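S.K.: With our numbering applied, the sequence shown has no gaps in its numbers, which climb one by one up to 150 at the end.
No lab work stands behind these hints, which were simulated from the structure alone. The reader is advised that the hints may include incorrect statements.
Unchecked claim - Each pair of labels, with its calculated beta carbon distance range:
no., residue 1, residue 2, range
1, ALA92, VAL54, 17 to 23 Å
2, VAL54, GLY143, 17 to 23 Å
3, ASN33, HIS112, 18 to 24 Å
4, ASN60, GLU118, 35 to 41 Å
Computed from a predicted structure; not experimentally measured. Note that the Cβ used here is the ideal one computed from N, Cα and C, for glycine as well.
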Amino acid sequence: SGGDYAGSNNYPLRGGKHTIWEGGTRGTAVAWAGANTGLLPTSLRGRATPQLMHGADWLPTFCALAGADCSGLPLDGVSQAGTLFANHTAVRSEVFYGQHDDSPEHQPTYDTAIRDGEGWKLLQNY
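Kindly produce the complete structure, drawing on both the sequences and the hints.
M.R.: So, in structure tokens, the structure goes:
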């Protein structure tokens, strides 16, 4: 069925929740900015962006959009505001995946990987 013990199904991507395969790491997000905010130029509306983004990047991105300075905080993420709202080049050139948990589908030999901006992924012990 392609699902995991929690019932997720990320077909056609391989894997599901609690895995480092694409089905467990790729996500979809929507960035909405009303026309009057001036945050998203008309030329960028309705587009998909293939750049890498980590979940830890959301807080610095929201801080940048709100004009808040979070540079003094010990954050692992980086602001993606320029990439999402101004068509800047990618901020990240790779994303490291470390998946250590006690799920029934946990595969300790395949629990870390690194993915680069060109779409290549190197899996530990694969």
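S.K.: Against each hint, give a clear statement of whether it holds in the structure.
M.R.: Now the hints, each set against the structure:
Separated by about 22 Å at the C-beta atoms, ALA92 and VAL54 satisfy the suggested range of 17 to 23 Å. Hint check: VAL54 to GLY143, Cβ distance near 22 Å, so the stated range 17 to 23 Å holds. Evaluation of the 18 to 24 Å hint for ASN33 and HIS112 yields a failure: the beta carbon distance comes to about 34 Å. Look at ASN60 against GLU118: about 37 Å separates their beta carbons, and that is inside 35 to 41 Å.
The structure fails hint 3 only (numbered hints given earlier).
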